[in-house]
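Asker: Given the structure of chain A, go ahead and fit chain B onto it with the hints provided.
Chains A and B supply the protein sequences, listed in that same order. Numbering-wise, our numbering comes out as the position in the first sequence, counting from 1, plus 436. Numbering-wise, our numbering comes out as the position in the second sequence, counting from 1, plus 436.
Mixed in with the good hints there might be a few duds.
Unchecked claim - With a cut-off of at most 25 Å between alpha-carbon atoms, the simulated DSS-like pairs for lysine-lysine come out as follows:
1. B:Lys493 with A:Lys485
2. A:Lys493 with B:Lys761
3. A:Lys778 with B:Lys485
4. A:Lys458 with B:Lys458
5. B:Lys732 with A:Lys698
6. A:Lys691 with A:Lys761
7. A:Lys784 with B:Lys569
8. A:Lys513 with B:Lys534
9. A:Lys625 with A:Lys485
10. A:Lys513 with A:Lys443
11. A:Lys806 with A:Lys847
12. A:Lys778 with B:Lys759
13. A:Lys698 with B:Lys772
14. B:Lys778 with A:Lys485
15. A:Lys925 with A:Lys845
16. B:Lys458 with A:Lys691
17. B:Lys778 with A:Lys616
18. A:Lys759 with B:Lys493
19. A:Lys778 with B:Lys698
20. B:Lys493 with A:Lys784
21. A:Lys493 with B:Lys784
22. A:Lys549 with B:Lys549
23. B:Lys778 with A:Lys493
24. B:Lys549 with A:Lys540
25. A:Lys493 with B:Lys772
26. B:Lys523 with A:Lys549
27. B:Lys732 with A:Lys493
28. A:Lys540 with B:Lys772
29. B:Lys830 with B:Lys759
30. A:Lys458 with B:Lys778
31. A:Lys540 with A:Lys616
32. A:Lys916 with A:Lys644
For the record, the hints were derived by calculation from the structure and aren't laboratory data. Only a predicted model underlies this, so the values are computations on that prediction, with no experimental measurement involved.
2 protein chains.
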Amino acid sequence: MAKGLPKRAEDFSAWYNELVTKADLAEHSDVRGCMIIKPYGYAIWDNMKSELDRQFKATGHQNAYFPLLIPKSYLSKEAAHVDGFAKECAVVTHYRLKNGEDGKSVVVDPEAKLEEELIIRPTSETIIWNSFKNWIQSYRDLPLLINQWANVMRWEMRTRLFLRTSEFLWQEGHTAHATKAEAITEAEKMLEVYADFAEQHMAMPVVKGWKTETERFAGANETYCIEALMQDGKALQAGTSHFLGQNFAKAFDVKFADANGKQEHVWATSWGVSTRLMGALILTHSDDFGLVLPPKLAPIHVAIVPIYKGDEQLAQISEVANKIKSELQALGIIVKFDDDTKRKPGWKFAEYEMKGVPVRIAIGPKDLEKGTVEVARRDTLEKNGYEQEDLAPKLKALLEEIQENLLNKAKSFNDENTTTVENWNEFKSVLENKGGFILAHWDGTAETEEKIKQETKATIRCIPYDTIEEEGKCVYSSNKSTRKVLFAKAY
Amino acid sequence: MAKGLPKRAEDFSAWYNELVTKADLAEHSDVRGCMIIKPYGYAIWDNMKSELDRQFKATGHQNAYFPLLIPKSYLSKEAAHVDGFAKECAVVTHYRLKNGEDGKSVVVDPEAKLEEELIIRPTSETIIWNSFKNWIQSYRDLPLLINQWANVMRWEMRTRLFLRTSEFLWQEGHTAHATKAEAITEAEKMLEVYADFAEQHMAMPVVKGWKTETERFAGANETYCIEALMQDGKALQAGTSHFLGQNFAKAFDVKFADANGKQEHVWATSWGVSTRLMGALILTHSDDFGLVLPPKLAPIHVAIVPIYKGDEQLAQISEVANKIKSELQALGIIVKFDDDTKRKPGWKFAEYEMKGVPVRIAIGPKDLEKGTVEVARRDTLEKNGYEQEDLAPKLKALLEEIQENLLNKAKSFNDENTTTVENWNEFKSVLENKGGFILAHWDGTAETEEKIKQETKATIRCIPYDTIEEEGKCVYSSNKSTRKVLFAKAY
Numbered sequence: 437m438a439k440g441l442p443k444r445a446e447d448f449s450a451w452y453n454e455l456v457t458k459a460d461l462a463e464h465s466d467v468r469g470c471m472i473i474k475p476y477g478y479a480i481w482d483n484m485k486s487e488l489d490r491q492f493k494a495t496g497h498q499n500a501y502f503p504l505l506i507p508k509s510y511l512s513k514e515a516a517h518v519d520g521f522a523k524e525c526a527v528v529t530h531y532r533l534k535n536g537e538d539g540k541s542v543v544v545d546p547e548a549k550l551e552e553e554l555i556i557r558p559t560s561e562t563i564i565w566n567s568f569k570n571w572i573q574s575y576r577d578l579p580l581l582i583n584q585w586a587n588v589m590r591w592e593m594r595t596r597l598f599l600r601t602s603e604f605l606w607q608e609g610h611t612a613h614a615t616k617a618e619a620i621t622e623a624e625k626m627l628e629v630y631a632d633f634a635e636q637h638m639a640m641p642v643v644k645g646w647k648t649e650t651e652r653f654a655g656a657n658e659t660y661c662i663e664a665l666m667q668d669g670k671a672l673q674a675g676t677s678h679f680l681g682q683n684f685a686k687a688f689d690v691k692f693a694d695a696n697g698k699q700e701h702v703w704a705t706s707w708g709v710s711t712r713l714m715g716a717l718i719l720t721h722s723d724d725f726g727l728v729l730p731p732k733l734a735p736i737h738v739a740i741v742p743i744y745k746g747d748e749q750l751a752q753i754s755e756v757a758n759k760i761k762s763e764l765q766a767l768g769i770i771v772k773f774d775d776d777t778k779r780k781p782g783w784k785f786a787e788y789e790m791k792g793v794p795v796r797i798a799i800g801p802k803d804l805e806k807g808t809v810e811v812a813r814r815d816t817l818e819k820n821g822y823e824q825e826d827l828a829p830k831l832k833a834l835l836e837e838i839q840e841n842l843l844n845k846a847k848s849f850n851d852e853n854t855t856t857v858e859n860w861n862e863f864k865s866v867l868e869n870k871g872g873f874i875l876a877h878w879d880g881t882a883e884t885e886e887k888i889k890q891e892t893k894a895t896i897r898c899i900p901y902d903t904i905e906e907e908g909k910c911v912y913s914s915n916k917s918t919r920k921v922l923f924a925k926a927y
Numbered sequence: 437m438a439k440g441l442p443k444r445a446e447d448f449s450a451w452y453n454e455l456v457t458k459a460d461l462a463e464h465s466d467v468r469g470c471m472i473i474k475p476y477g478y479a480i481w482d483n484m485k486s487e488l489d490r491q492f493k494a495t496g497h498q499n500a501y502f503p504l505l506i507p508k509s510y511l512s513k514e515a516a517h518v519d520g521f522a523k524e525c526a527v528v529t530h531y532r533l534k535n536g537e538d539g540k541s542v543v544v545d546p547e548a549k550l551e552e553e554l555i556i557r558p559t560s561e562t563i564i565w566n567s568f569k570n571w572i573q574s575y576r577d578l579p580l581l582i583n584q585w586a587n588v589m590r591w592e593m594r595t596r597l598f599l600r601t602s603e604f605l606w607q608e609g610h611t612a613h614a615t616k617a618e619a620i621t622e623a624e625k626m627l628e629v630y631a632d633f634a635e636q637h638m639a640m641p642v643v644k645g646w647k648t649e650t651e652r653f654a655g656a657n658e659t660y661c662i663e664a665l666m667q668d669g670k671a672l673q674a675g676t677s678h679f680l681g682q683n684f685a686k687a688f689d690v691k692f693a694d695a696n697g698k699q700e701h702v703w704a705t706s707w708g709v710s711t712r713l714m715g716a717l718i719l720t721h722s723d724d725f726g727l728v729l730p731p732k733l734a735p736i737h738v739a740i741v742p743i744y745k746g747d748e749q750l751a752q753i754s755e756v757a758n759k760i761k762s763e764l765q766a767l768g769i770i771v772k773f774d775d776d777t778k779r780k781p782g783w784k785f786a787e788y789e790m791k792g793v794p795v796r797i798a799i800g801p802k803d804l805e806k807g808t809v810e811v812a813r814r815d816t817l818e819k820n821g822y823e824q825e826d827l828a829p830k831l832k833a834l835l836e837e838i839q840e841n842l843l844n845k846a847k848s849f850n851d852e853n854t855t856t857v858e859n860w861n862e863f864k865s866v867l868e869n870k871g872g873f874i875l876a877h878w879d880g881t882a883e884t885e886e887k888i889k890q891e892t893k894a895t896i897r898c899i900p901y902d903t904i905e906e907e908g909k910c911v912y913s914s915n916k917s918t919r920k921v922l923f924a925k926a927y
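Excised from the complex, chain A in its bound form (with noise of 0.2 Å):
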């Protein structure tokens, strides 16, 4: 069945890995921990990018390019930075390859040595920030709303497709501001895109709040984020939105004149998603019979399957087929009509169920006469007959129903495995026999923090914006908190 997809009740790490596979979304390469995307996984991320895209430029944002190689010195400068990404960096040391001895194979040409070594960018602070000196003079060249799509690098030992890999492609939007206060707006406006975007086109709902001191972002004053919750109860961080305060401008000396002439550091900020929520789209929605995508996001929303007997009958039901393709197509709904008479409607039916397919409709011989068809709905896999008349309106109402069917049921889950604990055995059981997000009082010492993260592998995920201010007693030190916080394992 299903191709053989494991069970996620069984192996839910084994299913994720062969259903990225066997939907086609993406594999490994021969180079350690970069991943190949392919075409309709990248068609999904492609229609994630529009949208994002679309969202940034509303907000005032322009894109740029920034040149992939930074100067190593330049991750000297912000002394937090280099700390959190001077590390596992790729390391371009050399600009030239010449013939071996052997007269076929090439080797590095030791003459063509570089003077300082180029990272490749594992993000993008310093080297933007480093082009901001020259961009900013005065009041009037502020606000700069910049945003980079670009591949970025950052050598990671263990790799998973989507979740963790070293090469990924992302966005990073990178401001300055004239002020502290406009800074923090433009943080929190932004998480407010992305928690938007993951909730109306994902179908995922996210927790929005802040990331711990210890949990922030390497030159960060503040970190903002989503955390959205898996199917296996693990939490996913979605999206991270900072508060760079003036740390750039100090390391780079980006000022600029006010109005009346004196001199300030700008504020600034950064925010991004990534590749990474291919991985969390999948882990949100999808089944023991492979990938469910969210109408919003999805490369096709129809697949027509064609049931037949010789050429005559496929001609029948393609005239039928036809026309369906182009009321729909009418409405802006993207429609396959599968006639590859290569492979057989069984090969066409397992195939849309694992690429998630949010509808299929099979056309036969019984339909031509009775003016029917079977419309089958990936999310709850129900069928229904259809009268081939009106169909299309009613199709795009079925789209819409199953985009907020899908968000529905991810924030039933969501609900059913957010427990609020309110001591440690109590913690301690919950994560170990039903997972998912804890809320629990925290003292708010780094210390504990990473006494909790030793003892059960749970981080705190955020500090929510919605819980409130409250006494309590830490759930681990029993000391004085003021706030309940968010827990979970990650990935």
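Answerer: Leaving out everything else, chain B in the frame of chain A:
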């Protein structure tokens, strides 16, 4: 005047360099040969990308993404390819930095040396064909039509913004086919897509043709190209499409089973255009006052500048301007109403002229009285009064006229600067005194091609599709020739 841009007639090269900077298109980074594409430049590139991507998808191609890094040994697998590409590459030798002994700097960790060095892709044939090996088993998997949007790197010694940079952005199509004929058809089809894009969107006429064997892509059996003529009389290779035969299929052992189960090597193509097109666009249309953009690629079609004294007048003008803006937007025209109070009208006029905005509208107090606006065309620099009434459809037509005018102007320039020569003295004289494209008979030998290049720096840009087979004598050797070919000095 024009913020002091050098005149083309006086110093074409300085004019280009300053224009790229002053129109805010791109700048050099601190990393040798790597450019920063600034927001305005990137917006133009984004428009190019969108249209090309649309055309690639319309011709059946899908996007995918392959690793940035290529194992060094891959380059040696295709013999011709390695000679062409393996030399000037960025080489990754290590994967970790560590703190230096001074406690402040970071140094390369000698323990973290890679077993096999990795190359930053100069082009992706090798890594892609290494994957195709797993993607292709049967004729059912063919044709495989893949495109990738990516950054690539070729370590260039002499760089110029957009025209020749170490890192550049591009797309690379890579396709696999069951038959030779189908692969050739594909390579030809994609050249037509490029030529159509150049003419219809960039308003840049091109000559379509074949490269000589010497000028072919490393690993190709045939290279098709489009060549454009710049205002200084030099040619620019704007796009190439390669028929790769079975070279990469054999190097990476990519076979398919045909309908009868027989194993065959597949046939391949690759094709690409890059941010070099930005250079071509600038060099084709721009003038001594700055950038000139064809409306189809302009990030802003119409800029509206209010001319006012005091807040009240600005409010009155804004009302008219916003009405015009929404009428224009309703026709799909991208409008910027520049009511920034920090800048004066004169500054704004110079800015939009420098940035090549196709149409600029000025609205002053007299226009309010008379119901008029002043409309300035960037291409001809003409200014005319227009009635406010029914302005939108008139400007839509004007934008179409500008697009057409730019193409016609460039076509006339190409016609005037394409010279057929019959003998060597004429060849040298035209090249020296007039420049441009030279059509001349060539004996078909690499030796003559090389000698002409040595003596004059002119190269064979292509063997144009539209020259005819005819008997003639080589302009250099006087040996037999069967066809005229296109010579020029080139970027």
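Asker: Determine for every hint whether it applies to the structure shown.
Answerer: Results of checking the hints against the structure:
1. B:Lys493 with A:Lys485: 17 Å, holds
2. A:Lys493 with B:Lys761: With Cα atoms ~18 Å apart, A:Lys493 and B:Lys761 stay inside 25 Å; holds.
3. A:Lys778 with B:Lys485: Not satisfied, since the Cα-Cα distance of roughly 34 Å exceeds 25 Å.
4. A:Lys458 with B:Lys458: Measuring from Cα to Cα gives roughly 51 Å; hence the hint is violated.
5. B:Lys732 with A:Lys698: 43 Å, violated
6. A:Lys691 with A:Lys761: Violated, at about 58 Å.
7. A:Lys784 with B:Lys569: 24 Å, holds
8. A:Lys513 with B:Lys534: 15 Å, holds
9. A:Lys625 with A:Lys485: 18 Å, holds
10. A:Lys513 with A:Lys443: It is violated: about 49 Å lies between the C-alpha atoms, which goes past 25 Å.
11. A:Lys806 with A:Lys847: Since the Cα atoms of A:Lys806 and A:Lys847 sit roughly 40 Å apart, the hinted pair is violated (cutoff 25 Å).
12. A:Lys778 with B:Lys759: Since the Cα atoms of A:Lys778 and B:Lys759 sit roughly 57 Å apart, the hinted pair is violated (cutoff 25 Å).
13. A:Lys698 with B:Lys772: Distance ~31 Å between A:Lys698 and B:Lys772 Cα, so the pair is violated.
14. B:Lys778 with A:Lys485: Violated - the C-alpha atoms of A:Lys485 and B:Lys778 are around 34 Å apart, more than 25 Å.
15. A:Lys925 with A:Lys845: 22 Å, holds
16. B:Lys458 with A:Lys691: 22 Å, holds
17. B:Lys778 with A:Lys616: Within the cut-off at roughly 22 Å; holds.
18. A:Lys759 with B:Lys493: 22 Å, holds
19. A:Lys778 with B:Lys698: Holds. A:Lys778 to B:Lys698 sits at ~17 Å (cutoff 25 Å).
20. B:Lys493 with A:Lys784: 23 Å, holds
21. A:Lys493 with B:Lys784: 22 Å, holds
22. A:Lys549 with B:Lys549: 15 Å, holds
23. B:Lys778 with A:Lys493: 23 Å, holds
24. B:Lys549 with A:Lys540: 23 Å, holds
25. A:Lys493 with B:Lys772: 14 Å, holds
26. B:Lys523 with A:Lys549: Answer holds: B:Lys523 to A:Lys549 is near 14 Å, not above 25 Å.
27. B:Lys732 with A:Lys493: With Cα atoms ~19 Å apart, B:Lys732 and A:Lys493 stay inside 25 Å; holds.
28. A:Lys540 with B:Lys772: With Cα atoms ~58 Å apart, A:Lys540 and B:Lys772 exceed 25 Å; violated.
29. B:Lys830 with B:Lys759: 15 Å, holds
30. A:Lys458 with B:Lys778: Roughly 57 Å between the alpha carbons, so the hint for A:Lys458 and B:Lys778 is violated.
31. A:Lys540 with A:Lys616: 59 Å, violated
32. A:Lys916 with A:Lys644: Holds: A:Lys916 and A:Lys644 sit about 24 Å apart, inside 25 Å.
Checked against the numbered hints given earlier, this structure breaks hints 3, 4, 5, 6, 10, 11, 12, 13, 14, 28, 30, 31; the rest are met.
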